[in-house]
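The listed protein sequences correspond, in order, to chains S and V.
Quick note on the working numbering: the first sequence kicks off at 7 and runs consecutively.
Quick note on the working numbering: the second sequence kicks off at 14 and runs consecutively.
Treat the hints as calculated values from the structure; they're not laboratory data.
Using N, Cα and C, we set each Cβ at its ideal position, and we do this for glycine too.
Any given hint could be a false lead.
[Claimed, not checked] Anything over 12 Å on all C-beta distances counts as not near chain V; from chain S, calculated:
no. : residue
1   : GLY18
2   : PHE28
3   : LYS31
4   : GLY55
5   : LYS75
6   : GLU93
7   : ALA108
8   : GLN128
9   : GLU151
10  : ASP217
[Stated by the list, open to error] Below 25 Å or equal to it, Euclidean Cα-Cα: the simulated PhoX-like pairs (lysine-lysine) are:
no. : chain 1 : residue 1 : chain 2 : residue 2
11  : S       : LYS82     : V       : LYS121
12  : V       : LYS180    : S       : LYS75
13  : V       : LYS347    : V       : LYS163
14  : S       : LYS21     : V       : LYS121
15  : V       : LYS256    : V       : LYS326
16  : S       : LYS175    : S       : LYS75
17  : V       : LYS347    : V       : LYS180
18  : V       : LYS163    : S       : LYS75
19  : S       : LYS82     : V       : LYS180
20  : S       : LYS82     : S       : LYS21
21  : V       : LYS301    : V       : LYS169
22  : V       : LYS169    : V       : LYS180
23  : V       : LYS347    : V       : LYS253
24  : S       : LYS135    : S       : LYS175
25  : V       : LYS163    : V       : LYS180
[Stated by the list, open to error] Some chain S residues close to chain V (C-beta under 8 Å, calculated; not the full set):
no. : residue
26  : GLU69
27  : THR72
28  : PRO76
29  : HIS77
30  : LEU97
31  : PRO107
32  : THR189
33  : LYS192
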Amino acid sequence: MISVEDVSLHFGGIKAVDGTSFTIKQGSVTGLIGPNGAGKTTLFNVIAGVYAPTSGHIILNGEDVTGLKPHELFDKGLLRTFQIAHEFSSLTVRENLMMVPANQAGESLMSAWFRRDAVAAQDAAIRDKAAEVMDFLKLSHLANEQARNLSGGQKKLLELGRTMMVDAKVVLLDEVGAGVNRTLLKEIGDTILRLRDERGYTFCMIEHDMDFISRLCDPVIVMAEGRVLTQGTPDEVKANEDVIEAYLGTGLKNKLAAEPA
Amino acid sequence: MDTDTINAIVLFSNFILVPGMTYGAQLALGALGITLVFGVLRFANFAHGDMMAFGTMIVVMITWWFQSLGITIAPLPTALLALPLAIVISMSVTLLNDRMIFRYYRKKRSSPSTFVIASTGVMFVFNGIVRFIIGPDDQRFTDGERFIIKAREFKKMTGLDEGLSIKVSQGLTIVIAIILVAALFWFLQRTRTGKAMRAFSDNEDLALLSGIDPERVVAITWIITAALATIAGTLYGLDKSFKPFTYFQLLLPMFASAIVGGIGNPVGAIVGGFVIAFSEVIITYAYKKFLIYAVPPGWAPDGLMQLLSTDYKFAVSFMILVLVLLIRPTGIFKGKVI
Ligand SMILES: Nc1ncnc2c1ncn2[C@@H]1O[C@H](COP(=O)(O)OP(=O)(O)OP(=O)(O)O)[C@@H](O)[C@H]1O
Ligand SMILES: [Mg+2]
Numbered sequence: 007m008i009s010v011e012d013v014s015l016h017f018g019g020i021k022a023v024d025g026t027s028f029t030i031k032q033g034s035v036t037g038l039i040g041p042n043g044a045g046k047t048t049l050f051n052v053i054a055g056v057y058a059p060t061s062g063h064i065i066l067n068g069e070d071v072t073g074l075k076p077h078e079l080f081d082k083g084l085l086r087t088f089q090i091a092h093e094f095s096s097l098t099v100r101e102n103l104m105m106v107p108a109n110q111a112g113e114s115l116m117s118a119w120f121r122r123d124a125v126a127a128q129d130a131a132i133r134d135k136a137a138e139v140m141d142f143l144k145l146s147h148l149a150n151e152q153a154r155n156l157s158g159g160q161k162k163l164l165e166l167g168r169t170m171m172v173d174a175k176v177v178l179l180d181e182v183g184a185g186v187n188r189t190l191l192k193e194i195g196d197t198i199l200r201l202r203d204e205r206g207y208t209f210c211m212i213e214h215d216m217d218f219i220s221r222l223c224d225p226v227i228v229m230a231e232g233r234v235l236t237q238g239t240p241d242e243v244k245a246n247e248d249v250i251e252a253y254l255g256t257g258l259k260n261k262l263a264a265e266p267a
Numbered sequence: 014m015d016t017d018t019i020n021a022i023v024l025f026s027n028f029i030l031v032p033g034m035t036y037g038a039q040l041a042l043g044a045l046g047i048t049l050v051f052g053v054l055r056f057a058n059f060a061h062g063d064m065m066a067f068g069t070m071i072v073v074m075i076t077w078w079f080q081s082l083g084i085t086i087a088p089l090p091t092a093l094l095a096l097p098l099a100i101v102i103s104m105s106v107t108l109l110n111d112r113m114i115f116r117y118y119r120k121k122r123s124s125p126s127t128f129v130i131a132s133t134g135v136m137f138v139f140n141g142i143v144r145f146i147i148g149p150d151d152q153r154f155t156d157g158e159r160f161i162i163k164a165r166e167f168k169k170m171t172g173l174d175e176g177l178s179i180k181v182s183q184g185l186t187i188v189i190a191i192i193l194v195a196a197l198f199w200f201l202q203r204t205r206t207g208k209a210m211r212a213f214s215d216n217e218d219l220a221l222l223s224g225i226d227p228e229r230v231v232a233i234t235w236i237i238t239a240a241l242a243t244i245a246g247t248l249y250g251l252d253k254s255f256k257p258f259t260y261f262q263l264l265l266p267m268f269a270s271a272i273v274g275g276i277g278n279p280v281g282a283i284v285g286g287f288v289i290a291f292s293e294v295i296i297t298y299a300y301k302k303f304l305i306y307a308v309p310p311g312w313a314p315d316g317l318m319q320l321l322s323t324d325y326k327f328a329v330s331f332m333i334l335v336l337v338l339l340i341r342p343t344g345i346f347k348g349k350v351i
């Protein structure tokens with residue numbers, strides 16, 4: 007599905023991503039973990055086209071997509087969420103969601119005026135979809151609220167909601183679970199599995215919550231200092247000495263180390 | 014109410030209210046263009062004044078052409094008839110300009126300061142083209158009826174000492190500005206493209222990851238800006254006269270309007286336009302005659318009672334701009350912090 011081939015990205019002297027290679031298999035929920043500053047988000051940004059890599063290639067379904075713009079990748083079915091939630095702050099929650107689908111008829115001035123019926127029909131379909139997504143994420147009561155007024159957790163839900171507005175092929179989730187309550191987190195996990203099983207989505211998710219990872223992800227890729235440290239099933243990874251070392255080495259007390267191997 | 018009070022009100026309307034509203038509407042339309050470009054393309058477009066001059070020049074030339082063919086729409090000025098065609102031409106030129114200049118810097122992801130410098134270059138080019146084609150002098154292109162109400166008729170009608178005159182150009186400015194602003198807000202609030210523009214202005218990164226085509230949003234922004242600039246320039250030209258240099262001079266009050274209101278915020282641009290216009294008119298008006306009516310007899314002052322000579326009217330925008338930036342850098346309505 008996606009191959010990351012020897013990708014590096016250097017910010018001046020900082021080697022944020024430093025010769026990383028791995029593949030995300032079709033229909034998998036691949037976990038991407040690693041200590042803070044390991045380069046996970048930066049790698050997502052490279053895959054999603056925000057940064058062109060200093061070297062290396064990104065292959066999506068056999069096609070070299072290195073250096074394509076984010077919206078070009080979006081058109082190819084690659085969606086992502088942001089670790090720090092992004093929103094269209096002056097638009098309402100509903101409008102935020104409705105903005106996601108591309109090539110809407112109402113976008114062309116000509117059809118906005120001359121094909122009003124077609125525009126209205128499509129608009130209604132997208133509106134229904136948005137209602138469904140808001141319902142699922144328990145955001146319906148905020149439909150007409152400006153997105154700037156949402157809480158941090160609600161903004162994360164809106165992030166996830168965006169990826170549910172279109173039929174994606176691959177979704178990159180950057181800590182969608184952070185700041186979301188346990189009950190909802192479980193439902194989000196269920197949805198991810200359902201989207202994969204029923205609609206054939208492929209996921210790659212960055213997450214720090216090891217329980218969440220263990221439940222959903224296989225395989226898990228561990229990054230540290232811009233490189234892939236190891237990969238395997240959640241249990242294999244948790245038992246790996248290097249992984250424990252990497253987490254402790256950063257001086258952070260991570261629950262990973264505390265958990266029985 | 015005694016006649017002195019009514020006379021004072023009429024005097025105030027004639028010299029402050031009507032001119033302030035007219036000038037405010039003209040500044041607001043100009044500032045809207047500046048604010049839209051700032052919101053979507055994220056740079057201060059110094060070429061805006063000269064784009065206005067360019068659009069207005071096209072209007073003037075088409076007007077002359079129509080007049081030579083004997084096509085007029087009296088009592089309204091022929092310029093109105095020339096507007097649609099002129100708008101289409103200036104939209105095309107603006108889009109061409111974007112393709113040739115600004116798109117290159119977008120591709121390179123240049124910093125806003127690079128864009129500002131590029132826009133300064135564009136300003137000189139437009140300035141040169143306008144002077145080359147039509148010359149630097151004053152051009153008159155007004156025709157049709159001049160007044161809606163003449164001061165003399167008003168006096169005869171009411172029997173008051175003071176007259177109120179409203180020029181056709183003033184009435185047109187206000188009516189057209191209201192229609193344009195209503196249409197623009199409908200567009201931004203209700204249509205998918207308008208929402209995409211607001212979304213793009215809110216968060217470019219995210220817009221790039223939605224079904225929003227950035228080049229389309231940019232093109233629509235320029236199209237709207239070109240229309241606003243041409244209309245604002247024409248209304249100003251009808252009201253005063255067409256002289257290329259005055260449009261360059263308008264850059265300061267227009268930017269002041271956009272920034273005072275909160276740059277990037279369309280409501281702010283409109284409010285800012287009126288704040289600047291009224292400040293300018295109020296500060297440079299000589300209140301002597303007004304006070305003669307307003308205060309008891311014998312108290313009237315000897316001097317002109319003018320706070321600032323009209324020669325310094327541009328200093329007013331500058332002062333307000335500095336004050337706002339010191340006290341509330343985001344403007345009256347929260348715009349983007351620059
Ligand atoms: N735009 C940038 N300019 C310079 N350095 C950057 C930039 N973005 C990230 N970095 C650096 O790259 C390194 C990797 O950062 P990244 O955000 O990818 O880490 P991460 O693995 O996502 O961490 P976390 O778990 O905390 O989210 C860090 O050292 C960071 O400071
Ligand atoms: Mg991160």
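Going down the list of hints, with the structure as the test:
1. Residue placement check: S/GLY18 keeps its beta carbon more than 12 Å from all beta carbons of chain V (closest about 17 Å).
2. Against chain V, the non-interface label of S/PHE28 holds: every CB pair exceeds 12 Å, the least being about 23 Å.
3. With a least beta-carbon separation of about 24 Å from chain V, S/LYS31 lies farther than 12 Å from that chain, consistent with its non-interface assignment.
4. The Cβ of S/GLY55 does not lie farther than 12 Å from every Cβ of chain V; its closest approach is about 8 Å, which violates its non-interface assignment.
5. With a minimum CB-CB distance of about 7 Å to chain V, S/LYS75 fails to clear the 12 Å threshold, and the non-interface call is violated.
6. Against chain V, the non-interface label of S/GLU93 is violated: not every CB pair exceeds 12 Å, the least being about 7 Å.
7. Not every C-beta of chain V lies more than 12 Å from that of S/ALA108, the closest at about 3 Å, which undercuts listing it as non-interface.
8. A cut-off of 12 Å between C-beta atoms contradicts the statement that S/GLN128 is not in contact with chain V; the least separation is 9 Å.
9. For S/GLU151, the shortest C-beta to C-beta distance to chain V comes to about 15 Å, beyond the 12 Å cut-off, and the non-interface label holds.
10. With a cut of 12 Å on Cβ distances, S/ASP217 stays outside the contact zone with chain V, its closest approach being about 29 Å.
11. Annotation: proposed proximity of S/LYS82 to V/LYS121 holds, straight-line Cα distance about 23 Å (limit 25 Å).
12. Pair hint V/LYS180 plus S/LYS75 does not hold up; C-alpha atoms about 53 Å apart against a cutoff of 25 Å.
13. Of the supplied pair hints, the one linking V/LYS347 and V/LYS163 is violated, its CA atoms being roughly 42 Å apart against a limit of 25 Å.
14. A C-alpha spacing of about 23 Å is found between S/LYS21 and V/LYS121, which places the hinted pair at or below 25 Å, so the restraint holds.
15. A C-alpha spacing of about 18 Å is found between V/LYS256 and V/LYS326, which places the hinted pair at or below 25 Å, so the restraint holds.
16. The hinted pair formed by S/LYS175 and S/LYS75 meets the criterion: a straight-line CA distance of about 17 Å does not exceed 25 Å.
17. As the CA atoms of V/LYS347 and V/LYS180 are separated by approximately 35 Å, the hinted pair breaks the 25 Å bound.
18. Only pairs whose Cα atoms come within 25 Å are accepted, and V/LYS163 paired with S/LYS75 is rejected, the gap being roughly 61 Å.
19. Between the alpha carbons of S/LYS82 and V/LYS180 the distance comes to roughly 58 Å, so the proposed pair goes past 25 Å and is violated.
20. Between S/LYS82 and S/LYS21 the alpha-carbon distance is near 29 Å, which puts this suggested pair outside the 25 Å criterion.
21. Distance restraint check for V/LYS301 and V/LYS169: the Cα-Cα separation of roughly 24 Å lies within the 25 Å cut-off, and the hinted pair is therefore satisfied.
22. Distance restraint check for V/LYS169 and V/LYS180: the Cα-Cα separation of roughly 18 Å lies within the 25 Å cut-off, and the hinted pair is therefore satisfied.
23. Distance hint between V/LYS347 and V/LYS253 is unfulfilled; the C-alpha atoms sit about 33 Å from each other, more than 25 Å.
24. Using a Cα cut-off of 25 Å, the hinted pair S/LYS135 and S/LYS175 holds, with the two alpha carbons roughly 18 Å apart.
25. For the proposed pair V/LYS163 and V/LYS180, the alpha carbon gap of about 8 Å is at most 25 Å, so the pair holds.
26. Hint status for S/GLU69 relative to chain V: violated, with the closest Cβ pair at about 19 Å, above 8 Å.
27. Hint status for S/THR72: violated, given a least beta-carbon distance of 17 Å to chain V, over 8 Å.
28. The interface hint given for S/PRO76 holds, since its Cβ lies 4 Å from the closest Cβ of chain V, which is under the 8 Å cut-off.
29. The criterion of a C-beta within 8 Å of any C-beta in chain V is met by S/HIS77, whose closest approach is roughly 5 Å, and the hint holds.
30. Of the supplied interface hints, the one on S/LEU97 holds, with its beta-carbon coming within about 6 Å of a beta-carbon of chain V, less than 8 Å.
31. With a cut of 8 Å, the hint placing S/PRO107 at the interface with chain V holds, because the nearest CB-to-CB distance is about 5 Å.
32. A cut of 8 Å between beta carbons decides the hint on S/THR189: the least distance to chain V is about 27 Å, and the hint is violated.
33. Annotation: interface hint on S/LYS192 violated; nearest CB of chain V at approximately 27 Å, more than 8 Å.
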